[in-house]
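Chains as they are written, first to last, in this note's numbering: chain A, 1 to 278; chain B, 1 to 278.
In case anyone wonders, no lab produced these hints; they're calculated from the structure. The structure displayed is predicted, hence computed values, not measured ones. One should not assume that every hint holds.
Heads up, the list lumps identical chains together, so a pair's fine if it works in one copy or across two of them.
List of simulated lysine-lysine pairs, DSSO-like, C-alpha gap at most 30 Å [what the hints assert, rightly or not]:
no., residue 1, residue 2
1, Lys203, Lys85
2, Lys209, Lys85
3, Lys203, Lys223
Listed below are the residues making up each chain.
Protein chains: 2
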Amino acid sequence: MIQKSMRFAYQGEPGAFSEAAAGRLNPSAETMPCRAFEDVFAAVASSAATHGVLPIENSVGGSIHRNYDLLSEHELPIVGEVELKVEHNLIALPGVTLADVRRVYSHPQALAQCEVFLRSLEEVDIVATYDTAGSARMIRDGDLRDTAAIASRRAGEIFGLSILRERVHDYDSNVTRFIVIARDPTPLGPPDKTSILFAMPNKPGALFKALSVFALRDIDLAKLESRPLRGTPWEYVFYLDLNASRTDPACARALEHLAEFATFVRTLGSYARWNQPL
Amino acid sequence: MIQKSMRFAYQGEPGAFSEAAAGRLNPSAETMPCRAFEDVFAAVASSAATHGVLPIENSVGGSIHRNYDLLSEHELPIVGEVELKVEHNLIALPGVTLADVRRVYSHPQALAQCEVFLRSLEEVDIVATYDTAGSARMIRDGDLRDTAAIASRRAGEIFGLSILRERVHDYDSNVTRFIVIARDPTPLGPPDKTSILFAMPNKPGALFKALSVFALRDIDLAKLESRPLRGTPWEYVFYLDLNASRTDPACARALEHLAEFATFVRTLGSYARWNQPL
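Next up, chain A with everything else stripped away, as it sits in the complex (with noise of 0.2 Å):
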């Protein structure tokens, strides 16, 4: 159901590895980089970009929270989900040495997985940025020499800086989980995972319960995640993405039988995974 007028916006530069994600996903499409996440979310929206490509959870950091906030607060349906293997590399400006480097620029997502290599540096100042390839650019546009920047490969070679130090990233199995957004909720492929996001009267056992209408009828869980209901401190809401599509009766009637007594339940989607890394 790939099509060809696809026209992927995602936060980052080109060389981010949301772009990535998006060629994965269709290697013709466009691609539309965004400042924020928010602007991805409003590119889709407006109908700027046909889809939206966020990262949602990483093996070693865990979960994007700002995404699972943001979900919450559009109501724009998931509609697929692809991995990618992250790899980081240190990059500087030709002919800058590590004894250079007195400051590392990166997404505060690519420095915590970066957190062994970042710690083995001496006076050296970590600056969180907006994005991998962002920073490469930074030190390209400022002509940094005291600045490296942790990203990827490929946004080293779109902004002419070399490798100072391959594979910086302290877990081997380093995996990036994207979610595709869209304004048309037909998912990308047959659908074998839903996400819902609900709430549940803050009373004993009431999660048991709400988990007990998945574990009742042998629907996998694949990831449960709970966020703070703003405002009303420690209530939460609650993010789970099952092993089933909401086409599958079982699945269907689980969420019927979860709305029975939730204090509300919302489906963001039912979609297809591409879920070999590459």
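With chain A held as given, fit chain B onto it using these hints.
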């Protein structure tokens, strides 16, 4: 059970919210500033401090995942908990106006809690630093007249900065929950809460089964947090807070029951709460 000879290690500089949390626990205790959360764990492990005070969750920003990971890596028990109402201010050198500000420094969690305000600023770089109060110190030390910090009123007083804008946090009910770690597992007061860490075999219904041991005994869950099992994509460990002490027989039996089928269970501590935010 609060002793006079307490020495609280905390992350940040004098004026940090963690220091204020230590002050709420025992106003006459010594405090010991540390650069990173890891250093707080190290100070307690080496007996350089009797206790460590660590933010674990904010009612707006959510969990402080790094401290969940550090609790898992270390063997230091949780012996107490305290809540603190958080009020953020934009502070700068005396005479600096909002129009002069080109850069805002603060801790990533504080930046996340002031998102609406920060988005209203134009042509201003948002820079993540290691500490709210430390950002105030950097401005004073560097005489940075184009930079403001988001920090507590007290941090402004300590480092001689003026308030440019009061209460810039997005949500009025902004509360941070801190845990207290120590080498001695004796709780700071009569325990009414227990934190555990566990993992389950990756099978359908596994989490439901884990929660059943508490639901069947009417033990209330306060918080459930999943964190990636590093090196194994899409497998998780769970951090669970129970509103019960492990000395309560029903809670003790529930933990034994969980151990029957969990991959592992570790009790991080049973402890007392100081639950009234100041």
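Checked hints:
no. : hint            : verdict
1   : Lys203 x Lys85  : between (40 Å within a copy, 25 Å between copies)
2   : Lys209 x Lys85  : neither (36 Å within a copy, 32 Å between copies)
3   : Lys203 x Lys223 : both (22 Å within a copy, 12 Å between copies)
Figure legend: structure checked against the earlier numbered hints; the only hint not met is number 2.
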